[in-house]
Amino acid sequence: MAGRIVVPFGPQHPVLPEPIHLDLVLEDERVVEAIPSIGYVHRGLEKLVEKRDFKDFVYIAERICGICSFTHSVGYCKAIEAIMDLQVPERAQYLRTIWSEYSRLHSHLLWLGLYADAMGFENLFMNAWRIRETILDAMEETTGGRVIQGVCKVGGVRRDISDAKLKEMTAKLDSIGGEIEDLCHVFFDDASVKHRSVGVGMLSKEDAHKLGAVGPVAKGSGIALDLRQTGYSAYGSLDFKPIVETGCDCYSRCIVRAKELAQSVDLIKQAAANIPAGDIEVKVKGNPDGEYFSRVEQPRGECIHYVKANGSKNILRERVRTPSSANIPPLVKMLEGCQMADVPVIVLSIDPCIGCAER
Amino acid sequence: MGLFSMTKTVLKSLFKKPATIRYPAEPAKRFEGTRGQMEIDIDKCIFCGLCSKHCPADAITVNKNERTWSINRLWCICCNSCAENCNKDAIYQTNVYHAPIVAGETDVDVYQGKPVEEKPAAAEEKAA
Amino acid sequence: MHKEEQTITEVGVDNLVSEVSKMYDEGYRLVQIGCGKYDDIFEINYSFDKDCKFVNLRLKITEGVVVPSITGVYLCAFIYENEIHDLFGVSIKDIAIDFKGNLIRTSVKNPFNTPTVTKVKAAKPAKSENAAAAGAKPDVKSDAKPDTKPDAEKKKEEA
Ligand code: SF4
Ligand code: SF4
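So the sequence lines, in the order shown, correspond to chains A, B and C.
Residues 124 to 482, numbered by the working numbering, are exactly what the first sequence covers, in order.
Residues -12 to 115, numbered by the working numbering, are exactly what the second sequence covers, in order.
Residues 779 to 937, numbered by the working numbering, are exactly what the third sequence covers, in order.
Just chain A, with the same shape it has in the complex (with noise of 0.2 Å):
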């Protein structure tokens, strides 16, 4: 038996956006225990909701993870909506859908050039990176922000779109259809990319069970969770089914979020064609009173917004479980069996966002 040796990998390496550590324990190139450490960018988020005016929270919130933003203020503004039995109007129920799944558009093209990135498909990434950008330039134009939006409020959103502008998003979802559809095709069938990712980081369904797998990686293990089926939002009026794969593999998570990319656009289509008219928010009143756990469908996979408020305009407590923290005890699986080589692949595959799993 070859001698065991143990390869510190990250908190800082080429290919993680974000600072994890994992100690890889080797036998020659075959990696057979992987230990997580987080705990770089602790920014103690949770605790700060203590001190702020709810209302004021959800720009806190919405900065717990750069790239979810949208849908973590969508998460708490729900618990509070929920607590204090607000009704939301139509039109911003609809708007909230349309913003979420530009974010969810904007999310998996990221990742997509970012996967592309770690198996060293330089021109892919810069792809996907390119038909990013007109995404993110729609958000700006209808929100101010490119990755931070910022247009949720409790009881509503702050920007409403109008008709016109929103004619105009569809027409240009029509024409970067296209240009998704050709970038869908290289993930789906270019040789170095599955020569990259099938068969690497199998995680069973099983597993994806047990170790409460959620998002992408669920779902590429054939696990149909997705939480957009609870019908928040405007979801519950929308035709879509969740995108389920089986193979179990790095390429199946990848090709979910592929497919995610068209079912995004086709959700936007169906909400900006169903849109009602109508006020764009509720007046707030009082204080919320009670607690609620919020759920709602992230880019990564289920989101928990849990508040618990006592009637004060502060909050006693907010905590926030993202995916990618539900996320890491799938990776520790994935890694165990591995090849060295395949790590930056894999740990990539679970779109890692350490900022928001420890907050």
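Hints are supplied without guarantee of correctness; some may be wrong.
Said to hold, decoys possible - For the chain C half of the interface with chain A, some residues (derived, Cβ under 10 Å), not all of them:
1) LYS781
2) VAL791
3) GLN810
4) GLY812
5) GLY814
6) GLY842
7) VAL844
8) TYR852
9) LEU853
10) PHE856
11) TYR858
12) ILE882
Claimed, not checked - In silico negatives: residues of chain A with every beta carbon more than 10 Å from chain C:
13) VAL130
14) ASP297
15) ASN410
16) ASP412
17) ILE427
18) LYS436
19) ARG442
20) PRO452
21) GLU459
Just so you know, these hints were derived from the structure itself, not from any lab.
The C-beta atom is built at its ideal place from N, Cα and C for all residues, glycine as well.
Place chains B and C with the ligands on chain A using the hints.
Quick look at chains B and C with the ligands alone, frame taken from chain A:
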């Protein structure tokens, strides 16, 4: 085809104009609603301090006695919360980004309000 | 408005693991474990989900009570249990992968268990994690002699 899946995109990109902007030779993209930076109309301000109370980043300091309103440009996250909470509509958002701040420069902009009775005299903005 | 049905069942330290095993046998997925401190009571919520049905077990303990780990049932609980231990100082015994307080490295030990940090205003150098959380950076040159009184407690701990 497995090996040449990028060919179509590559050929297309060859004949397209670049996706990037030659900044600073060309101006950067900016939209009407872009969150650039916060501006204050200091003459409207009554120094009530509501804006600083609602600022999630603690970027604003209001001094009622000295009639100053100051903002830390690096702390401000351009959330627009102060503008929404100001009863006098003194604060507004522009789509111009603040110029980068280099070491040694101050990141706090102080705005001095007019003295209470006097006629327009010293409503200048100056850096601290 | 969309509001999910969410049940919360109280459990005790002694029947926690057996209740969790029951959930496991019924095919529930562990969604999260979250802790909160209200006055002197730690409230730990174990959330489970099955086909979008959301249920919770709630454990209420006081300071010093040792909580059994549920990593024997759901291995993935290790990440949450370590987090609770690091942030609140709740001791949890027999975690399968125990980081012994090193999962989340903070300058203050058990930051969520200390009295709420005072709102640090611009003039004071915001040293602690919690104060810096709003994206505020310590303003180095703005004030040489800040009023440290409200922070005195924290300063001592950091030292
Ligand atoms: S800007 Fe508005 S809210 Fe702020 S102190 Fe002046 S009047 Fe008050
Ligand atoms: S925009 Fe937001 S962060 Fe900036 S000063 Fe106003 S309230 Fe504070």
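What are the numbers of the hints the structure violates, in ascending order?
-> When the structure is compared with the hints, numbers 2, 6, 7, 17, 19, 20 turn out to be violated.
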